[in-house]
Amino acid sequence: PSHLSRFMLSVSVGLAQLDEESKTSGLPEYVKIVEVGPRDGLQNEEVIVPTDIKIELINRLSKTGLPAIEVTSFVSSKWVPQMADHKEVMRGIERHPGVQYPVLTPNLQGFNSAIAAGATEVSVFGAASDSFSRVNINCSIEKSIDKFEEVAKAARNMNIPVRGYVSCALGCPYEGNITPAKVAEVSKRLYNLGCYEVSLGDTIGVGTPGSMKRMLEAVMKEIPLNALAVHCHDTYGQALANILTAIQMGVAVVDSSVAGLGGCPYARGATGNVATEDVIYMLNGLGISTGVNLYTVMEAGNFICTALNKKTNSKVAQASFNIRTVN
Amino acid sequence: MLSETGLRVIEATSFVSPRWVPQMADHTEVMQGINKLPGISYPVLTPNLKGFQAAVAAGAKEVSIFGAASELFTKKNINCSIEESLERFEEVMAAARAASIPVRGYVSCVLGCPYEGKISAAKVAEVSKKMYSMGCYEISLGDTIGIGTPGSMKEMLTAVMKEVPVGALAVHCHDTYGQALANILVALQMGVSVVDASVAGLGGCPYAQGASGNVATEDLVYMLNGLGIHTGVDLQKLMDTGTFICNALNRRTNSKVSQATCRL
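In order, the protein sequences belong to chains A and B.
Heads up, the first sequence is in the working numbering, so the first residue is 3 and it goes up one at a time.
Heads up, the second sequence is in the working numbering, so the first residue is 8 and it goes up one at a time.
The hints are simulated quantities; they were obtained by calculation from the structure and are not laboratory data.
Quick caveat, the model's predicted, so the values are computed rather than measured.
Among the hints, erroneous ones may be present.
Only part of the chain B face toward chain A is listed, based on derived beta-carbon distances under 7 Å [stated by the list, open to error]:
1. P157
2. G158
3. L188
4. G211
5. D226
6. Y229
7. M230
8. V264
Reference listing, derived: stretches of chain B covered by chain A, where coverage requires no fewer than 3 residues with Cβ under 8 Å from a Cβ of chain A [claimed, not checked]:
9. 98–110
10. 176–184
Quick reminder that beta carbons are idealized off the backbone N, C-alpha and C, glycines included.
Isolated chain B, as found in the complex (with noise of 0.2 Å):
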């Protein structure tokens, strides 16, 4: 339903082990089934290299790698430093460039760490610079658990947009408490253009229980709409698949535009 809504970017699934992620488990199937429509990308993460290859070998065009600007979190989350995850991310690299496949980084917790508080500006440029010099194409940085405000967003984005150019950047904003769409506002307005977002906000936030977690992408594009900017993105269409996924979960919708728009 996403591919129908002009979404031109939609994450499929993750090629790790269904022991660390057993939402994921059925990446191969999930890969092998979608309809995968012209002019539309549908990248999968891989963390290593082993997961790089069954994502190609299920037909994936297009990868993804998670670093961190937070030591303690990557500690925490993939058991090494970020150096270590970096390294482990060059064989991902290699086997993609000898296979032409894009790769797009991500940074998690770019505004602030679960674990390690305040992260500095510098930190966040100095790992982004360092997996866009390692060849990925887009650098998405990401407010992992929503503490950030268009105060530190402005901050964190001044310093990266030193070492990695504005067109390769996108950020990925975290609602958890409420800040995502004056934060992805403030990015906009320096010049990002690129936006991760999640149908019915789906995701809630593993640090905050009952907390929600990503921005509702039908509440961005009600607010890009509104800015006169292009998606391409059908809002409507957008909607549904949002209630028709709610309703499968049994469960409400984050997006504060579908509760709006479905009582009035």
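Isolated chain A (complex conformation) (with noise of 0.2 Å):
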């Protein structure tokens, strides 16, 4: 099929540079991808999916070898109603070796419910405006970094490992700009809450190349680079630069959804989560490593979309899987 030959093409190119790139350049040989579409992405599209078609999205995305996906979140139902059969998605996946598989957990109630659904991995979200932090969670930055020491108490008594995430790194849809010094001292306080992991998310997608550098200098300076990773939203199109950047300072963890799962929520209609797909591509072109077959996750971005009857946000997905035959 045409689509499949013009996706050889594309592998082809970037395989071509895969040894000579990473060697010489400077980057990470290696970025892992932490998968957020079944959370991240779903929770922020407009339809709710069914439960077997999320267990069958994770099922798929873990055949193709990444590393970590975002489950779910133990979050009241009330609250996130797209997330409301956290337990039955825990239950239902197929777990494969290798891969993490962590869930949200706000505070200690979700991380028992995690537990007892199976988690082995959990995730605390903080924010480095004060003002989203009231209006997401209904609470300041600083009694939510308490919820979480509670979270991360339990998850050490039990050897689980945190993820955290902050919020906001780039700009707040409130406050508007945020110092990259707050962004050190949130990320700081969640690393030393013992969070092995700091994702550090521009939440409204309004970062760039610029910004982004700014605020890695300063959090670099209070969190050692293998603890960091970016989650980057595509809101203006800055993605995969921004992603580009912090790679280049040495960042190798990248959050991303598959087909760009996920709109704004801060800006109606508007793009959300940076495409996974786009995101290999570049990396591959980079010729750094990832354990990610391309093709295979574009499987999945085609089924989800196709649930969700949606057109995907993926670019390398809509080039690749319409390629008018070439003579």
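Two chains, two separate frames, one set of hints: put the complex together.
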């Protein structure tokens, strides 16, 4: 099929650089991709997805080589109806060896529920903006960290790794500009709580390579590079350029969402998460290994978009599945 | 409207036969009809001497010629070899020189070709050098099918910069695989300071149905603003222009900045 031959074209063009580039360029040799589509992605889609579709999506993603897949969120279904079936999803998915399946746990109650359902890794969501924290989880940054402290303590006792997220790292829908110092401060708090990794989120996608660099410089003074991840939104089309900047600075963990699932709740109709396919395409072209098979991710993306009756947000997928026969 | 945004170069039209490019059939009327603001360049495409003469008669003060780094692409596109295409351009160059008209050169397929696949950086450097030596004041390197990544962009530019001074280089990235801004960023990091873009990301990809083509000027300006790089362009006026043309075309913008800003 023509789309397959076109994909082979792009893969061969990418692979040709695989060995050369990463050895000479100062970029990491390997980047870990954390797939947030099933949680962050679906949570921000308007259509409520049936449990079996969620499970099928995650099972497909488990076969792509992705090392980490964010499964669901143990929050009250009153707040996040899309994630109401968290227990069923957690219990229903296949667990592939070598793949992490983190879940969101905003508080101790969620944590206990997650463990009971079989979770082996959890995440907590902080923010670099007090206003955002208050609107999102109804408490100040300070108060939220107290709650996370409870989760972290319980997790430590059970040897469950905890990942920390910092929202609004490059700007806030309410406060506007966010200082790099504030991001560094919140990140440090989460790291000191015991988070093994802190994912810095450009929640509204307003960041650019300029602000990404300044923010990372501040954060890198407080947290080791290998504990950092970036979670870029593509609302203003800046995601890949921002991710490239982060990688050039040594960051080697990138969050993304299959098919770019998940719009932006702050800009109706605008996009949100960066598409995993587009990130992998770039990393392949840079000669950076990810362990992920781009084609199978595109197939998973195709599956979920068909189920959601929507067009993919991934440009690589759009280009690859629609190649006119070139003769 | 574009002339009021602060943009200093606006490619106005193409003096090709309307049989090949019906969209540009009104090239003479457009060229004669636009408001030419001082300080702004309005280059037009002139694939051959005939087109050049028609362009000059219609008031053009700058022209562009389109070469390619791929033999097969050249063959399919204009039915001759790269070498032959350069010979045709030589006629245009000579006429332009005589009329003191600056000529911009484009090289297509610099990061990959829909027919040949991989294109060697050496080949791009060779074609660029020839066009520069012929008298083009600037060479715009085009990722025609948007297949490039920061990796291949870097490799290609490294080779080209050995043959053509970086001050004479421009990049023309397509966003078909979402890589455009990342590729442009790399080019900027290597010293390139001229970037081609299209308002609202107008222009799809003829090689991938439904896929996008040109990178959106709004998204580019947004990034450059964030990097503290001066462009002289008013982003709001640019977005207004994008809205205008998308309404006229009854289509959605391809600019993410436009999509985001208009809905907040």
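Consistency of the hints with the structure:
| no. | hint | verdict |
| --- | --- | --- |
| 1 | P157 | 6 Å, holds |
| 2 | G158 | 4 Å, holds |
| 3 | L188 | 4 Å, holds |
| 4 | G211 | 10 Å, violated |
| 5 | D226 | 4 Å, holds |
| 6 | Y229 | 6 Å, holds |
| 7 | M230 | 5 Å, holds |
| 8 | V264 | 5 Å, holds |
| 9 | 98–110 | violated (count 0) |
| 10 | 176–184 | holds (count 3) |
In this structure, the earlier hints numbered 4, 9 are contradicted, and the remaining ones agree with it.
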